[in-house]
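Visitor: So the chains spell out like this:
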Amino acid sequence: MKNFKKTALASVLGTATLMSAFGAMADNHPVKVGLMLPYSGTYTALGEAITNGLKLAIEQNGGQLGGRDVEYVQLDSEANPSKAPQNMSRLVKGDGVDFVIGPVHSGVAMGMLRVAKQSGAITIIPNAGLEAATNQLCMPNVFRTSFSMWQNSFPMGKVAYERGHREVVTITWDYAGGKEDVAGFKEAFEAEGGEIVEEILVPFPSTEFQSYLTQIASIDPDAVYTFFAGGGGVSFVRDYAAAGLKESIPLLGSGFLTEGNITAMDGAGEGVLTTMHYAETLDSEANRSFVSAYQDAYGVAPDTYSVQGYDTGAMLVQALEAVGGNTEDRDALIEALAQVELESPRGLMSFSNSHHPIQNVYLREIRDGQHEVVGTAVEQLEVPDDACQM
Amino acid sequence: MDLAFFGVQLLNGLQYGLLLFLIASGLTLIFGIMGIINLAHGAMYMIGAYLVWDLTMRLGNFWLAIVIAIPIAVALGLVIERLFLDTLYKRDHLYQVLLTFGLILVINEAQRIIWGGDVHSVAIPAPFDASLQLTDNLQYSVYRLFVMGVCLALAGVIYWVIRHTRLGIIIRAGAVNRDMVEGLGINVRTLFTLIFSVGVALTAFAGMIAAPLTSIAPGMGDSILITCFVVVVIGGIGSIKGAFWGAILIGMATTFGSVLIPSLASMVIYLIMAAVLLVKPRGLFA
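First to last, the protein sequences are chains A and B. So in the working numbering, spot 372 of the first sequence is number 372, and the numbers just go up one at a time. So in the working numbering, spot 25 of the second sequence is number 25, and the numbers just go up one at a time.
There may be inaccurate statements among the hints.
What the hints assert, rightly or not - Over 12 Å on every C-beta distance to chain A, these chain B residues come out as not near it, computed from the model:
(1) Leu19
(2) Ile37
(3) Val74
(4) Leu132
(5) Tyr143
(6) Arg144
(7) Ile169
(8) Val188
(9) Pro281
Unchecked claim - Reference listing, derived: stretches of chain B covered by chain A, where coverage requires no fewer than 3 residues with Cβ under 8 Å from a Cβ of chain A:
(10) 6–14
(11) 255–269
To be clear, the hints were calculated from the coordinates, so they are not data collected in a lab. Here the structure is a predicted model, which is why all the values come from computation and not from measurement. We treat Cβ as the ideally placed atom computed from N, Cα and C, and that holds for glycine.
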């Protein structure tokens, strides 16, 4: 009897060991995560921030996804739209990745999504803001963890009206991104009863703003709404302050005006109001621990791009947990990704029917060289991706 | 449009035009006298701005940064001319276009490796960090007035050298007929090195004094290059006077065009170029 017990126990243990060994063998190969991000050129910093964020989230999960090790395949997109289809094919067909994470640049996204449509590759967009990605192009295998232009500019329309501004001048570059952004603001502002008295379009990528500032001064509106980014954002905010307009005409913008640019603005940005789905000063447990973990891991403070990468990683962690690490059943995997809900550093985040994030958009004011959160402009804002209801 | 508005726009146009002149003057010298189409000219404008930003950060003094950055820019010009252009003078323009286009790529990438992809700015230096109240709600940076003064003074110096010195006579002769100058026993080799270095230094200097007014970003020289070619073509290739009036014309056209006919803003300089070339195919002052 004693022997029997011993044997039984041994066989149970043995079987368990065997089974777990077998289980490990079945899923022995690591999950392959393909990163198609810019690691050279103008957008290098964005590509690196996204990569850092993504890896941090997976590291915090023991470096595993659904109990499997992770292999990263990093490919430099060079932010080059003409190479996008070829790069994407290489990742999907050549390297056989389970997921493609990318891109940063909207032009590259167009090329990538063509291949995503043909191949059905699961693609998570951690930045590019073009509306079509989750609307007209509408694919079940495509997710976005970032924003669309509309989502960050629409909330400012209401804020502007509530702050008593009735006549507003808008100014942006004459290109698709700028016009999409301003259209979002205009939609909300006019719906409240405000009036856009002048829509100024500056030839892209000119940063010669003096003549426009003179024009704005002569119109003398209640406020100015603007979309510029990168060097253009810095130039515009500095020139606006130097022209003395900031005191008399408040400057509003979507978050990209000042994101990553505050230091270069050299104090000229103080008081500028923007709307964005993240702020480094957000007062929540999730954000505080993210900021310190990121700072520890990489020695720099995180920004919006880092969070977008981090949430992409967290999304993979959660979805692969739900399917037990099984990447073979693609429909179940896509379903699991769609069900993801994150307690993100940016706040609660889930996905709409079009696979676009439903998230808070914050009102931020630059104080002492930081984006201070003044309030939540719109809570859990869903983008009206009318052409795409999956 | 009231008078004050018109006056301020005139000032804006003049200031932009004068800065364009500073960049275009080097381009037209190199183009007209050496026959070199230097596409890397805009990249040198960017290098000027980055140099001054970097040195200002290190030294804490904008003016000292400029004093150190100028000889570095001249040296860069020397190296490029001796190392790369020297072998191409006798060849077709296409070779120079290819080489200087390659230089753009190399300089842009070198910039990124050395200084990274972030946007930077330089604070407006004392004693010019003040502004004038122009209208009820519009101020004008004193530094912009200073830049205008510097550009005008440099235009005067360049004009004087070209009009009233022996070197100027050689340069003017070279712009019209290079073989003749060579035939007269002038060392064209040395002259070319000198002109190229001065040309590069002028555009780099434009980047330096413009640094406090603009954002210092990768690729900032690329867009200004095309505008400068338009200036040179309108004024007449090789003509300093042409570059001056061409730059003022384009500065004014950009400023007023963007406000009065916004739908044509991005086209207005090309329309002017087409109109000028129809009437004077070789440019205004060629």
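Visitor: Now, for every hint given, state plainly whether the structure supports it.
Guide: Hints versus structure:
1. Leu19: violated, 9 Å
2. Ile37: The claim holds: B:Ile37 sits with its nearest Cβ about 23 Å from chain A, beyond 12 Å.
3. Val74: holds, 27 Å
4. Leu132: The claim breaks: B:Leu132 does not keep its Cβ more than 12 Å from every Cβ of chain A (closest is about 10 Å).
5. Tyr143: Check fails; 8 Å does not lie beyond 12 Å.
6. Arg144: violated, 8 Å
7. Ile169: holds, 37 Å
8. Val188: holds, 38 Å
9. Pro281: holds, 27 Å
10. 6–14: holds (count 4)
11. 255–269: Holds, because 7 residues of the segment 255–269 of chain B bring their Cβ atoms closer than 8 Å to Cβ atoms of chain A.
In this structure, the earlier hints numbered 1, 4, 5, 6 are contradicted, and the remaining ones agree with it.
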